[in-house]
Amino acid sequence: MSHDTLFAEVTDPANRADPYPLYARLRETPVSRQGDGSYVVSTHAAIRGLIFDPRLSSEDLPPSQRPPTGNPFKDWIVNPIKNRVVNAHRPLIFRDPPDHDTLRAIVMEQFTIPRVRGVHREVEGIVEDLIDKLQGRDEICLVEDFSYPLPVMVICRLLGVPEEDEEQFQKWATVLATALEPDSRGDEEARHATATAFDAISDYMRGLIKEKRKNPADDMLSGLANPEPGKPAMGDFDLIASAILLLVAGHETTVNLITNGMLTLIRHPEELDRLRRDPERAPRLIEELLRYEPPVHFRTRKALGDIDIAGTTIPAGAPVILLFAAGNRDPARFADPDRFDPDREDNQHFGFGGGLHYCLGAPLARIETEIALNALVRRFVAPRLLQDPPPYRPGASLRGPEKLGIGLERIA
Amino acid sequence: MSADRGVVVVGASLAGLRGAEALRRGGYAGPLTLVGDEPYQPYDRPPLSKHVLAGELRPDATALPHLVDLDATWRLGQPAVGLDRAARMLRLADGSALPYEKLLIATGARARSWPVTEKTGPLPSGIHTLRSRDDAAALRAALAAGPKRVLIVGAGLIGCEAASCCRDLGLAVTLADPNPTPLARILGSRIGGVIVSCLDTAGVDFRPGTHVDAFEADAAGRVCRARLKQGAAIETDCVIVALGATRDTGWLAEAGLMADEGGLTCDVACRALDADGQPAPGIYAAGDVARTPNPLHVGRLAAFEHWGNAVAQAGHAARNMLAAEDDQQEYRHLPAFWSSQFGINIKGVGLADGADTVAVMQGSRASRRFLAVYGREGRTIAAISFDQARWLPAYAERIEAGVAFPPILGATDQSIKDFGVPDFPQPRSR
Amino acid sequence: MTEPHETGARPLRVVVDLNRCQGYAQCCYAAPEQFEMRGHEILFYDPTPPSEKQAEIARAAQACPVRAISFDTGAKA
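Chains as they are written, first to last, in the UniProt record's numbering: chain A, 1 to 412; chain B, 1 to 430; chain C, 1 to 77.
These aren't lab readings, by the way, just hints derived from the structure by calculation.
Any given hint might turn out to be false.
Reference listing, derived: stretches of chain C covered by chain A, where coverage requires no fewer than 3 residues with Cβ under 8 angstroms from a Cβ of chain A [unchecked claim]:
id	segment
1	41-49
2	53-61
3	64-71
Ideal Cβ positions, reconstructed from N, Cα and C, are used throughout, including at glycine.
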């Protein structure tokens with residue numbers, strides 16, 4: 001089969017459970033042109049060459065275009081304005097320098113080391129509570145019972161979003177995350193759903209920011225909404241976009257890391273035992289997990305100029321798919337790459353991406369995952385998979401199990 | 001390899017340590033001896049001119065981690081004084097001799113000191129150099145005593161870092177250099193001019209085009225004044241001589257190798273060359289002392305005083321020491337360095353000197369955040385970043401590939417309006 | 001950052017390859033008393049942290065996206 005349809009196969013849900021053989025074939029052509037004119041980059045060296053290349057733009061989203069409603073006032077006045085606002089105020093993962101840098105610096109100003117490390121005890125409490133609730137059950141769904149609620153509760157507390165509103169924005173978050181998947185971008189219906197969810201979550205955030213200005217608390221949104229005089233601040237549209245980004249990212253990524261972690265550990269019982277005996281092994285185990293089963297498999301960019309790389313010229317304007325998860329399994333960079341080996345040295349993976357868009361929440365994800373996995377292996381007695389492979393969520397990029405049924409002897 | 005003679009590493013330095021570790025990693029299990037002229041275990045130098053001067057780190061805090069169990073014999077505080085290649089013996093200052101099967105020379109360099117002649121007489125006290133741990137400790141003590149004015153002679157990387165530290169300590173500083181700007185030799189004055197604005201903001205009294213001629217002492221023999229060639233004088237009670245380094249090859253004077261204060265000449269495989277230009281059996285060199293032909297700069301011998309080169313070249317030399325005669329691999333290394341001063345992280349790749357054009361690719365000189373590339377005869381040869389290191393790996397790859405200048409066009413945050421001649425000074429006459 | 005210290009226990013020894021360092025600051029989250037960003041991209045670190053910081057230093061080394069941090073426990077000579 002020709003290589004120019006391989007990426008279509010990657011996005012095919014039938015290959016979700018094990019995309020790695022497809023990645024191996026893609027790596028045969030490090031930068032591979034697909035039938036639709038996009039370029040898939042799949043070797044470690046080529047990805048590394050491109051994440052530091054200033055000709056690769058993140059401003060690659062198609063312009064926001066709300067579908068017609070039939071209401072002339074909406075179609076001619078309101079929606080064009082909304083479209084323009086959305087286009088001009090993309091969240092920072094869709095922005096290039098210098099705007100990106102300004103926005104990221106302002107967010108980082110709130111994502112302080114004490115604040116992030118300060119969640120440690122809270123995470124421990126949430127983790128133990130979630131596991132306590134499972135007492136008496138011999139079958140659980142890890143996603144529903146544990147790895148979805150944990151990061152959501154953490155990001156809500158960190159941002160200052162009331163947890164009781166969770167049910168509303170869970171749906172919005174799913175829709176908005178789906179919009180990031182490349183195969184849903186051109187779809188009229190999906191774009192309508194995205195626009196609707198975006199408007200709803202924007203309204204919600206606008207209200208919340210107003211509230212944070214009235215009653216500031218010790219949380220990130222309060223900090224962003226009430227900048228210290230003289231410090232750089234962002235306008236309300238950027239603030240809303242940033243808040244949505246943080247909330248969605250908090251919903252849709254760490255869940256995969258924790259679920260993939262437990263899935264991988266149950267598939268490698270000797271590693272599960274070793275972690276149980278030695279919790280200090282968690283940091284290196286998590287780095288290997290980020291290489292082996294990363295929560296985000298690829299990100300798309302756009303070539304601003306012609307880029308010569310690995311024997312191919314990516315023409316200006318072409319979409320470029322950085323297939324991080326394939327680079328993570330590149331045998332030219334990692335010995336025996338399909339082996340899960342936490343003792344691996346020099347593990348320079350792309351589990352959190354790389355370059356200037358390196359995952360902003362990485363330190364938080366590491367803390368949550370370490371506490372979560374250590375608690376799960378300590379307290380789950382004789383865990384086994386009820387279904388292997390488990391069913392997966394639709395996304396090929398934000399890839400993770402939809403459900404992870406685990407059978408247990410008991411909870412310790 | 002003969003088991004009883006084993007490997008001797010001369011120079012208990014970063015290069016010496018990493019070379020010894022690479023030998024062990026490479027499977028060498030025989031006797032291993034490290035010889036060092038200073039009484040200390042290998043230590044890291046970059047913090048000395050920054051955090052040690054600032055008093056944030058103690059001078060003894062920078063001992064390097066050992067990344068492999070070395071199982072080595074250490075001969076510290078014991079300078080090598082001679083080499084008998086015929087007998088394969090290294091002579092040490094205490095009169096003892098060390099037999100070797102293979103030798104790794106990593107003696108590095110020492111600070112170029114102020115020339116003392118019969119005419120000048122002995123130097124006054126209070127004149128420092130800054131390279132070794134003891135240098136840094138002495139200078140730190142002098143700065144902590146609160147001198148009235150520090151005079152730094154030489155506005156290279158060390159001179160500028162020292163100036164930055166002194167200002168952080170609230171000390172009055174004069175920085176004198178014969179060139180129009182700091183860092184003129186490594187970056188050219190067009191880019192060096194950015195440091196002029198930093199010096200200005202920081203309140204350093206910068207004296208370009210200035211040649212210090214001599215130092216005068218007070219009655220107690222302490223330095224009190226620097227006389228300039230132009231006739232004027234600078235009052236100072238603490239001097240830092242920052243005029244670069246000379247390679248530590250004096251002990252090789254009788255060894256019949258191609259060695260002088262510019263380095264020990266090696267071939268591409270890091271093998272030391274004898275006077276006839278032939279590789280001397282079993283003798284390798286790495287780090288600051290090793291002057292090698294660099295495949296990236298054809299026809300040119302260069303010795304790099306770079307941290308990354310010390311590590312990479314020592315590893316490479318160790319690899320070749322363990323390999324067969326017909327498997328001696330070429331050392332290819334893209335020079336890279338960093339410096340931090342005036343709150344700015346400066347990183348460079350490639351060799352900028354000799355460039356005919358420099359262009360700012362991202363950011364701007366005015367903002368003190370930029371990335372600039374250097375071209376020579378239409379080829380990209382170097383890049384420098386001031387607080388803009390994130391793009392540097394992409395430019396480094398293009399430099400290694402020797403692509404046309406300027407590289408990477410049509411990029412984000414790019415408007416190439418700022419380009420021109422880099423303004424390097426005339427080469428130093430030796 | 002802690003003051004230069006002298007403790008009974010032998011300190012750890014840490015070195016960062018600052019050519020490799022890209023200022024991702026992951027080490028600062030893992031071991032904030034030992035690693036600190038200054039300005040936009042200068043990393044300042046404690047090359048001899050006390051031995052009780054070993055777990056934090058190990059976390060920092062693991063979290064570094066470019067694997068620029070090396071350390072030993074000071075036990076070897």
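Violated hints, by number in ascending order, as checked against the structure: The structure breaks only hint 1.
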